[in-house]
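For the record, the sequence lines run as chains F and D. Following this note's numbering, the numbering of the first sequence begins with 1 at its first residue and continues without gaps. Following this note's numbering, the numbering of the second sequence begins with 568 at its first residue and continues without gaps.
Treat the hints with caution; some may be incorrect.
[Said to hold, decoys possible] Distance windows between CB atoms, simulated:
| no. | chain 1 | residue 1 | chain 2 | residue 2 | range |
| --- | --- | --- | --- | --- | --- |
| 1 | F | Pro100 | D | Asp619 | 28 to 36 Å |
| 2 | F | Phe109 | D | Ile622 | 34 to 42 Å |
| 3 | F | His101 | D | Pro740 | 32 to 40 Å |
| 4 | F | Asn306 | D | Leu734 | 31 to 39 Å |
The set of hints was computed from the structure by calculation and includes no laboratory data. Keep in mind the model is a prediction, meaning the values are calculated, not measured. The beta carbon of each residue, even a glycine, is placed where N, CA and C say it ideally should be.
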Amino acid sequence: MNGAEAILQCLKSEGVEVVFGYPGGQVIPLYDALHKVDIRHVLVRNEQGAAFMAGGYARATGKVGVAFATSGPGATNLVTGIADAHMDSIPVVFITGQVPHPMIGRDSFQEADVTGITLPIVKHSYLVQTVEELPWVLHEAFHIARSGRPGPVLVDVPKDIQVAKLTVPLEVASERLRGPSSGLDIDSAQLDAAAEVINASAQPTLYVGGGSLNAAAELRAFAEKTGIPVTWTLMGKGAFPEDHPLSVGMLGMHGAAYANYAITRCDTMIVLGARFDDRVTGKLATFNPEARVVHIDIDAAELGKNRIPTAPVQGDVAAALRALTVRCEPRDRSAWAKRVTDWKESFPLVAHKAMDTGEIRPQHLLDKLTQATAGRAIVATDVGQHQMWTAQFYHPAEPRLFLTSGGLGTMGFGLPAAIGAWFACPEKEVWLVTGDGSIQMNIQELAVAVIEKVPLRIMLINNGYLGMVRQWQELFFERNYSETWLHTVPNGSEVISPDFCRLMEAYGGQARRVTADADVEAAIDWAREVDGPVLLEFVVHEEENVWPMVPAGGDTGKPILEPEGGE
Amino acid sequence: MSAHNSNTECSGRPHTVSVLVENRPGVLTRVAGLFARRGYNIDSLAVAATSDPAISRMTAVVRAADEMVLQQICKQVGKLVDVISVNDHTDEAVVARELALVKVNCDENNRAEVIQIITVFRARTVDIADGEMVIEVTGAREKIDAMLRLLDKYGILEMARTGEVILARGLQPT
Numbered sequence: 001m002n003g004a005e006a007i008l009q010c011l012k013s014e015g016v017e018v019v020f021g022y023p024g025g026q027v028i029p030l031y032d033a034l035h036k037v038d039i040r041h042v043l044v045r046n047e048q049g050a051a052f053m054a055g056g057y058a059r060a061t062g063k064v065g066v067a068f069a070t071s072g073p074g075a076t077n078l079v080t081g082i083a084d085a086h087m088d089s090i091p092v093v094f095i096t097g098q099v100p101h102p103m104i105g106r107d108s109f110q111e112a113d114v115t116g117i118t119l120p121i122v123k124h125s126y127l128v129q130t131v132e133e134l135p136w137v138l139h140e141a142f143h144i145a146r147s148g149r150p151g152p153v154l155v156d157v158p159k160d161i162q163v164a165k166l167t168v169p170l171e172v173a174s175e176r177l178r179g180p181s182s183g184l185d186i187d188s189a190q191l192d193a194a195a196e197v198i199n200a201s202a203q204p205t206l207y208v209g210g211g212s213l214n215a216a217a218e219l220r221a222f223a224e225k226t227g228i229p230v231t232w233t234l235m236g237k238g239a240f241p242e243d244h245p246l247s248v249g250m251l252g253m254h255g256a257a258y259a260n261y262a263i264t265r266c267d268t269m270i271v272l273g274a275r276f277d278d279r280v281t282g283k284l285a286t287f288n289p290e291a292r293v294v295h296i297d298i299d300a301a302e303l304g305k306n307r308i309p310t311a312p313v314q315g316d317v318a319a320a321l322r323a324l325t326v327r328c329e330p331r332d333r334s335a336w337a338k339r340v341t342d343w344k345e346s347f348p349l350v351a352h353k354a355m356d357t358g359e360i361r362p363q364h365l366l367d368k369l370t371q372a373t374a375g376r377a378i379v380a381t382d383v384g385q386h387q388m389w390t391a392q393f394y395h396p397a398e399p400r401l402f403l404t405s406g407g408l409g410t411m412g413f414g415l416p417a418a419i420g421a422w423f424a425c426p427e428k429e430v431w432l433v434t435g436d437g438s439i440q441m442n443i444q445e446l447a448v449a450v451i452e453k454v455p456l457r458i459m460l461i462n463n464g465y466l467g468m469v470r471q472w473q474e475l476f477f478e479r480n481y482s483e484t485w486l487h488t489v490p491n492g493s494e495v496i497s498p499d500f501c502r503l504m505e506a507y508g509g510q511a512r513r514v515t516a517d518a519d520v521e522a523a524i525d526w527a528r529e530v531d532g533p534v535l536l537e538f539v540v541h542e543e544e545n546v547w548p549m550v551p552a553g554g555d556t557g558k559p560i561l562e563p564e565g566g567e
Numbered sequence: 568m569s570a571h572n573s574n575t576e577c578s579g580r581p582h583t584v585s586v587l588v589e590n591r592p593g594v595l596t597r598v599a600g601l602f603a604r605r606g607y608n609i610d611s612l613a614v615a616a617t618s619d620p621a622i623s624r625m626t627a628v629v630r631a632a633d634e635m636v637l638q639q640i641c642k643q644v645g646k647l648v649d650v651i652s653v654n655d656h657t658d659e660a661v662v663a664r665e666l667a668l669v670k671v672n673c674d675e676n677n678r679a680e681v682i683q684i685i686t687v688f689r690a691r692t693v694d695i696a697d698g699e700m701v702i703e704v705t706g707a708r709e710k711i712d713a714m715l716r717l718l719d720k721y722g723i724l725e726m727a728r729t730g731e732v733i734l735a736r737g738l739q740p741t
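Using the sequences and the hints given, assemble the complete structure.
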């Protein structure tokens, strides 16, 4: 067995079913061995697509995603996807080819120091030195990627290692694998202190982040026993049922006003697997500085990074919630819950219906998507206004149905992430909600959707603009729409490019353009019936804004509400 | 080795942090890169293998505005897979030493005066040439700083400092 075969055998024993990748000079041995194992390989069209497909696979399942790329440009094309996985704590193992050891450091053809380039954006990385260490490296890479706070791990394998004969066993004793602890063994003094703070609180609010996606049942049990209202971050969306009486809404810059009121006016915030990101807190100093803070996170470094907790709890969120549910008393918090509900009624999020002209308003599309799918579809988004509207108006029925690039905010994430999610969950209905800007950043992956017969439904919300930047230009830069017009919708006699429907058809998929609100429902129904990938292009009102809004660095407790009577 | 981050004000008092790491390729870059990326200021960083060649000790003198920043530094470094342990020994009983080589501007007229000063600091002359003298001094950082202040008026031509290394006193591990 050579190194390349050993890599694939190790992947197999780690339970890998599908790998996303792109061949090249320094991974030819790896690709030569590929078909000797029962692992499906999805050939992408740009390595960045592989990185996001692996990320989408991991986000939809919590399992480790895997991407392959060659050395040099193949590896550097992964970088954005690695950074994306790092920011959102997504478990992905990236395996790159490298020039042979004797060539390293000589500026060889297609040589790039990818372990160096990615050092700040990986959980860990390896430049494999000997074929003997290969099995240990790979098993440890998977262990590190998935344990503790998950994250990306890069394994850079020089070509000479891939062709070298392996004489050591593939199995590695688990004691040899380094990595963070499971977080299941939680300091009971910390739990007692946290319970004391919670029990003493009359007006607490839960602040639920991406680290809670594996703790949905525990979260529900805890919230129901204690009667504490639940708010969530963009990454925490789906951890708590949005139709539950204790469900409040999403926090932050484009969160619901009532959710932001509930977190900035509570006396105690209970933070679960979240990191006080600036898109949630706005200006930290005004983010409810009086509140006591119970902060539960598996990563000790998050406790006190941005906000000093009153009661830090280091550990797995599910395990901590189980322990806290035992320790916390039921308490009548109905007066507080009523205040939150009143805010909800006074400052609602409104999914606007059509314009008077019959033009489509984008919020309405997401409302319709929730109705059509009953929130049971996986919905991946790209980044921008459509992402925020999806976060506001698509209501997933369970965790891991809403997939979005939260921390890095990567345009081009959505299409490959949706494809990756379908490979993870082929039994599920999968939608991509994207914009005319974002989809062009990785549009080449449409070929993968067609060739691999991925029944992906694309809702392309086309307003002709890089809408989120245009919104900031409108609000903060005196409507100076500098370089945000994309020429994707008719505007006088200007050139339109591309024609998304013809483009989709050229790739081999089906497409339909919808310009009237009256046709929205029928179009969504049609897309749900079609076999294979399908694109719905919704041409919408161009200057629609996302409301409410907390300006960057602003006071989360004082969001700007939508101007009276819409815009 | 010294790595300064110009973006952050060099504020706060120095703390000595001892980091045991697995002696693997790139481990120094990982730790130093983390300091730079998170905006922590390193005054000095001394690295070498321990009695176990598979393990190296990195002793960093860092500046932290407050206890929270120092804790962050230790927690972030502690998350690196190759890091075995991180210990902050500020205000603890430790033996702390640094070595400096100092090339001082001096001639036959003031050489005796310089030697008199450095003798008080138990420093040694290791090289003398026309117009300069190289002094070797070992001790706590403050002692070296004090000697440098006194030598300043003669003109320090060049200097190399190792950065502080420490060991905890008694049986407590560093």
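Here is how each hint holds up against the structure:
1. F/Pro100 / D/Asp619: 28 to 36 Å: holds (31 Å)
2. F/Phe109 / D/Ile622: 34 to 42 Å: holds (37 Å)
3. F/His101 / D/Pro740: 32 to 40 Å: holds (37 Å)
4. F/Asn306 / D/Leu734: 31 to 39 Å: The hinted range 31 to 39 Å holds for F/Asn306 and D/Leu734, with Cβ atoms some 35 Å apart.
Comparing the model with each numbered hint stated earlier shows that all of them hold.
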